[in-house]
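Student: What follows is the residue order along each chain.
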Amino acid sequence: MTYQEKLLPEIEIKGEEVAQRKAFLQFGDADIAALESVNEVAQHYADSVIDDFYRHVMAFPDTKAFFSDPDVLAHVRRMQKAYFMRLTQGNYDQEYVANRVKIGVIHERIGLPVKSYFGMYCFYLRTVLQRLRQEYKDMPEQALTVFNSLIKLTFFDMGLAIDTYIESRERTIQGQQEAIRELSTPVLLLRPGLLLLPIIGLIDTQRARQLTEQLLRSVRTNRAKVVVIDVTGVPSVDTKVANHLVQAVEAARLMGATSIVTGIAPDIAQTMVKLGIDLMRITTVGDLQSGIEEAERLLGYTVVRNAKASGPCDKELP
Amino acid sequence: MSQNRAPILKLGGTLIASVQEALMDADLLGLRDGLVADVKRYRATGVIIDVTILDVLDSFAARTIRNIAQMTRLIGARTVIVGIQPDVAFSMVQLGLTLEGIDTALDLEDGLALLDLELGNTRRD
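The listed protein sequences correspond, in order, to chains P and U.
So in my numbering, the last one in the first sequence is 960, and the numbering has no gaps at all.
So in my numbering, the last one in the second sequence is 495, and the numbering has no gaps at all.
Treat the hints with care, since some could be wrong.
Unchecked claim - Partial list, computed: chain P residues near chain U (C-beta under 10 Å): (1) Gln776; (2) Lys779; (3) Arg849; (4) Thr854; (5) Leu857; (6) Val861; (7) Gly898; (8) Ala899; (9) Val927.
Source of the hints: derived by calculation from the structure; they are not laboratory data.
Bear in mind that the values here come from a model prediction, so they are computed numbers and not experimental data.
We put the CB at the ideal spot given by N, CA and C, even for glycine.
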C-alpha cells in the first residue's frame with residue numbers, strides 16, 4: 643500500500659456511482675473520442691499551458707505560498723503535466739477515478755483552499771480553449787466539440803476532488819464528536835450506593851444511548867441505589883431529550899436504582915411544560931445540592947459538620 | 371416444566387423463583403401458576419423473581435411478571451424483580467416495558483433487603 647493509498651481508506655467511489663455521474667454530465671463515447679483525438683495536439687501545447695499555469699499561480703501570494711520550494715515546484719510541475727496529459731488519454735475508468743480522488747486528497751492535505759482549486763480549473767479551461775482555437779484555426783467547430791467534452795471531464799474531476807474535501811472534513815467532525823462524547827459522559831461514585839451523572843451539552847439519540855448504557859453498567863458495578871442526574875449543563879430540552887431522560891431513569895429503576903433529576907433551568911422548565919412534557923414520574927429537585935441531600939436522605943446518610951475541624955462558618959447550616 | 375426452568379425456593383416467608391434458562395411463554399404461565407399457588411400454600415409475604423440469566427425480556431414476559439405481582443399482592447405477598455441486566459433494561463425501556471409500580475432490585479441480596487425493609491415497615495404500621 644502506498645502512502646497516498648493510506649490517506650484515503652474510506653473514500654471510495656463505486657463503479658455504479660461513476661456511471662451515474664458520467665450520465666448526469668452526459669459524458670459519453672463521443673466525448674471520449676473527441677478527447678482522444680486531441681491527445682497528439684495536446685502534447686504540443688502541454689508545456690506551454692503548464693508554464694502559463696504556474697506563472698498565473700505564482701502571481702498570487704495565496705497560491706504562491708504552496709510552491710515556494712523549487713524542488714516542490716519541479717515535482718508538482720511533473721505531476722501537473724501527467725494530470726494534464728491524462729485528460730486526453732481515454733479510459734476514464736475506475737483507475738482514472740482513483741487517481742483523481744488521490745489528487746484531491748493531496749490538495750486537501752496541503753490545505754489548498756477550494757477557491758484556489760476552482761480558480762486553477764478555470765484557468766486551465768480558458769488557456770486550453772485558447773490553444774485549441776490556434777490549433778484548429780480552420781475547424782472552429784471541431785475546437786468547440788473538443789472543448790465541450792473537456793468541460794464535462796473537468797467538471798467530473800472537480801466533483802471528485804470536492805467530494806474528497808467534504809469527506810475529509812466530515813471525518814474530522816465525526817472524530818471530534820466522538821471525542822466530545824467520550825469526554826462528556828462520566829458517571830461518578832459520590833458515596834457507596836450513590837452515583838452522580840452530570841450531563842453537559844446537547845443530548846442526541848446516540849449520546850443518550852451511550853449515556854444510558856454507561857449509567858446502567860455503573861449501577862451494576864457500584865451496586866448503586868440512587869442516581870443523581872444533573873442537567874445543569876444541558877442547554878435545551880425538547881420532547882426527544884426528555885424521552886431519553888425518562889428512558890435512562892426507567893432503565894435504572896429496572897435495575898433497582900432510584901433517580902433524581904436536578905438542575906432543570908427555569909426557562910427549560912417553562913419550555914417543557916409548554917411542550918406538554920410530563921416528568922411527573924421522575925423525581926426532580928431544583929439544584930445539585932438539594933439532589934444530593936435528597937439522595938443521602940434516601941440512603942440514610944446524615945452529613946454532620948465538624949466545627950472544630952473546619953472553624954466557624956458564616957453561613958448557618960441546617 | 372417451569373419447575374425445572376424456574377424452580378421456586380422457600381426461604382422463611384419469602385419465595386424465590388430463580389430463572390435458570392430462557393423461558394418460553396408456557397414456562398412463564400407455569401411459573402405464574404406455581405407462584406400464586408405457593409404463596410397461598412406457604413402463606414408467603416414476599417416473592418422474588420430472579421431474572422439474572424435472561425438476556426431478553428419481551429412484552430409477554432413483562433406482562434406476565436406484572437400479572438404475578440398483582441396476583442400475589444391480592445393474596446398478601448409483595449413481589450420484587452431482581453437481576454435485570456443493563457442491556458435488558460435498556461431494550462425494555464425502548465419497547466416501553468417499564469414494569470411500572472413493580473419493585474425492582476439489583477440482585478437477590480438487594481431484593482431480600484428490600485423485602486425486609488418494606489415488610490418490616492408494614493408490620494410497624
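Student: All hints are to be evaluated individually against the structure, with a verdict given for each.
Tutor: Results of checking the hints against the structure:
The beta carbon of glutamine 776 of chain P is not positioned within 10 Å of any beta carbon in chain U (closest approach about 70 Å), and the interface hint is therefore violated. At its closest, the beta carbon of lysine 779 of chain P sits 73 Å from a beta carbon of chain U; the interface hint therefore is violated under the 10 Å criterion. For arginine 849 of chain P, the suggested interface contact is broken, since its CB lies about 14 Å from the closest CB of chain U, more than 10 Å. At about 6 Å, the closest approach between the beta carbon of threonine 854 of chain P and any beta carbon in chain U falls short of 10 Å, and the interface hint on this residue holds.
Hint status for leucine 857 of chain P: holds, given a least beta-carbon distance of 9 Å to chain U, under 10 Å. With its C-beta approaching chain U no nearer than about 7 Å, valine 861 of chain P sits inside the 10 Å limit, and its interface hint holds. Here the hint on glycine 898 of chain P is kept, as its CB sits about 4 Å from the closest CB of chain U, short of 10 Å. For alanine 899 of chain P, the interface hint holds, since its Cβ comes within 10 Å of a Cβ in chain U; the closest pair sits about 7 Å apart.
Hint on valine 927 of chain P is violated. Least Cβ distance to chain U is approximately 21 Å, over the 10 Å limit.
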